[in-house]
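Undergrad: With the hints as constraints, model all of the structure from the sequences given.
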Amino acid sequence: TDVANMKIRPAGRTYATLLESWGAMSVNIAPEEQYSALQQGVMDGIFTAVRIIHERKLYEHLTNLTDLGYLVCRPTAILANKKWWDSLPADIRKAVAEAAHEAAATQGTVVDKDDEEAFKAIARGGVKIYRIPPKDFAVWRESGRKVWPKLTAKIGQTWVDKFVQAVEKEK
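Quick note, in the numbering used here, the sequence shown goes up one by one and the last residue is 233.
Honestly, the hints are just simulated from the structure, not real lab data. Even glycine gets a Cβ: it sits at the ideal position worked out from N, Cα and C. Each hint should be verified, as a subset may be incorrect.
Claimed, not checked - Pairwise CB distance ranges (calculated):
1. Trp-147 x Glu-178: 31 to 37 Å
2. Glu-230 x Thr-171: 17 to 23 Å
3. Pro-151 x Phe-225: 30 to 36 Å
4. Ile-191 x Gly-74: 41 to 47 Å
5. Lys-197 x Ile-154: 29 to 35 Å
TA: Here's what the structure looks like:
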């Protein structure tokens with residue numbers, strides 16, 4: 063990767079660990095300060111959703127943007143209070159669970175469309191979009207796996223395995 067020694071704002075601790083494994087320095091900049099931080103060179107880049115980069119006009123101070131594709135996934139969680147959930151009749155729980163799965167599938171399609179529109183708008187703004195070629199994707203994916211031991215230590219192998227299986231299924 064080409065991020066060595068760059069100051070990049072990650073979207074969380076797991077992404078910070080990933081960036082650091084690539085040789086970047088993670089910087090913690092509040093959302094309301096990110097635009098000026100890019101403008102003034104306090105940070106060189108940002109690791110966040112492309113639609114956020116577009117909506118906040120952060121791309122105005124970027125020259126390049128990498129589409130990480132399936133290196134980054136967007137898990138969806140629909141949460142409910144256990145007491146409330148347990149109080150529902152079985153048929154209602156089943157209906158809610160089915161609706162949640164449908165909503166998650168729809169959300170993925172909507173987010174993919176929104177992301178693509180954001181990439182196009184950012185490109186129109188003069189930013190070069192880099193799409194990782196299939197031949198290089200394995201190198202990026204393997205380098206990302208460097209953070210797995212830390213993640214496994216935090217949440218356990220079972221959950222890492224389940225997460226990886228879910229991502230592989232959705233590709």
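Undergrad: Which of the listed hints are broken here?
TA: 4, 5
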